[in-house]
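Whenever a hint applies, use it, and build me the whole structure from the sequences.
Using our numbering, you'd call the opening residue of the sequence shown number 1 and step up by one each time.
Think of the hints as simulated: they come from the structure by calculation, not from any bench. Worth double-checking, as some hints may not be accurate.
Straight-line C-alpha distance at most 20 Å; calculated SDA-like pairs for lysine to any residue [stated by the list, open to error]:
#1 Lys14 <-> Asp64
#2 Lys363 <-> Leu352
#3 Lys363 <-> Pro323
#4 Lys363 <-> Glu291
#5 Lys14 <-> Val129
#6 Lys363 <-> Gly327
#7 Lys363 <-> Gly330
#8 Lys14 <-> Val130
#9 Lys363 <-> Ser311
#10 Lys14 <-> Arg46
#11 Lys363 <-> Ala307
#12 Lys14 <-> Ile43
#13 Lys14 <-> Asp135
#14 Lys363 <-> Leu334
#15 Lys14 <-> Gly53
#16 Lys363 <-> Val149
#17 Lys14 <-> Arg101
#18 Lys363 <-> Ala136
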Amino acid sequence: MGLRMDDDGRFMRKALALAERGRGTTSPNPMVGALVVDAEGVIVGRGAHLAAGGPHAEVVALTDAGPRARGATLYCTLEPCSHTGRTGPCAPLVAQAGIRRAVIAMDDPNPLVNGRGLSHLRERGIEVVVGVERDAAERQNVAFLTGIVERRPHVTLKVALSLDGYVAASPGARTPLTGAVANRRVQRQRAEVDAIAVGSGTILADDPLLTARGAYRSRPLARVIFDRRLRTPASARVLSTLDAGPVIIVCSDRARTAAAGQAAALTAAGARLLVPARDGLMSACRALYDEGVTSLVIEGGAALHRAALNSDIVDAMHVYITPRRIGFDGVRWLDAGHFSWDMLLEGRAEWLGDDVLVAARLKKAGRYVHGNR
Numbered sequence: 001m002g003l004r005m006d007d008d009g010r011f012m013r014k015a016l017a018l019a020e021r022g023r024g025t026t027s028p029n030p031m032v033g034a035l036v037v038d039a040e041g042v043i044v045g046r047g048a049h050l051a052a053g054g055p056h057a058e059v060v061a062l063t064d065a066g067p068r069a070r071g072a073t074l075y076c077t078l079e080p081c082s083h084t085g086r087t088g089p090c091a092p093l094v095a096q097a098g099i100r101r102a103v104i105a106m107d108d109p110n111p112l113v114n115g116r117g118l119s120h121l122r123e124r125g126i127e128v129v130v131g132v133e134r135d136a137a138e139r140q141n142v143a144f145l146t147g148i149v150e151r152r153p154h155v156t157l158k159v160a161l162s163l164d165g166y167v168a169a170s171p172g173a174r175t176p177l178t179g180a181v182a183n184r185r186v187q188r189q190r191a192e193v194d195a196i197a198v199g200s201g202t203i204l205a206d207d208p209l210l211t212a213r214g215a216y217r218s219r220p221l222a223r224v225i226f227d228r229r230l231r232t233p234a235s236a237r238v239l240s241t242l243d244a245g246p247v248i249i250v251c252s253d254r255a256r257t258a259a260a261g262q263a264a265a266l267t268a269a270g271a272r273l274l275v276p277a278r279d280g281l282m283s284a285c286r287a288l289y290d291e292g293v294t295s296l297v298i299e300g301g302a303a304l305h306r307a308a309l310n311s312d313i314v315d316a317m318h319v320y321i322t323p324r325r326i327g328f329d330g331v332r333w334l335d336a337g338h339f340s341w342d343m344l345l346e347g348r349a350e351w352l353g354d355d356v357l358v359a360a361r362l363k364k365a366g367r368y369v370h371g372n373r
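Encoded structure:
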């Protein structure tokens, strides 16, 4: 029957599914999937980018296809690169393989690429189609895109709320709310992102380990503590888990100088002190991006959540709503001035045991999201 242009969406969705094999392992690189399909519509090559420094999806797919790539169509979820980084450029390999037509989900905004890969293919007589399943491709790589465009991590704010809207039974009280199924989802998220973050108040109240438990993670997990005043004790349990990944304490230069002994004790315990160039969470997030953090989940507490929303760094929200009620003596999460449900776009709700997860992105002008470039 042969390959038809109306098959493009179907094959691109298969390429997007291949790209998912790299979730949690490719950072700071994007997830990318590729297919090589011959003129009869038969898939002759498959590939996915699985780790930074490893072969790119196009290379894997072309190698899988071998000589069958000549005259075939390449489906790729991201523009083939045209520069030498940890690996060589992919666009020349696509052309040399004899690909006749390249269908690309989205162009790569990385200044080192930014259309050069597409131009390389077109200049060598390859028919190039861009934009098939673009929205899905952008959603898949929103962390990579946020980093490239905004020079900071993609930030997800995560909170567990009682049915009556509280986060704790009283100030400073450790108050577990979510059940086993929701807790497994939280650990799976920890296994996928570059870093999780809490405020110093959470460290003092809960003394958490902040590790990914019950979910496989193939690379270190950075734990970030926003602690402008350096209140974190050197005995904090998280500092006993350095084998799981670095502990980064974001503090002010004033605190590091005024509390030199505390700074030295934390450093001796294995923490890395990070002093942003300027005050504020935006500067802190950009400093974290420079440290290689492209995706960050802010887990608590309420004061840090308020500051994050005020600083315009939050891209998405995960709100776990539990059936438990706390009562009027509890600690409220946010007031109406900081959050309302109409701030969210593309929300979805999912039952996780007795709890409900509401996941959505924030409605923010200027943020790199699909359909808003």
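For a quick check of understanding: which of the numbered hints are violated here, in increasing order?
2, 3, 4, 6, 7 and 15
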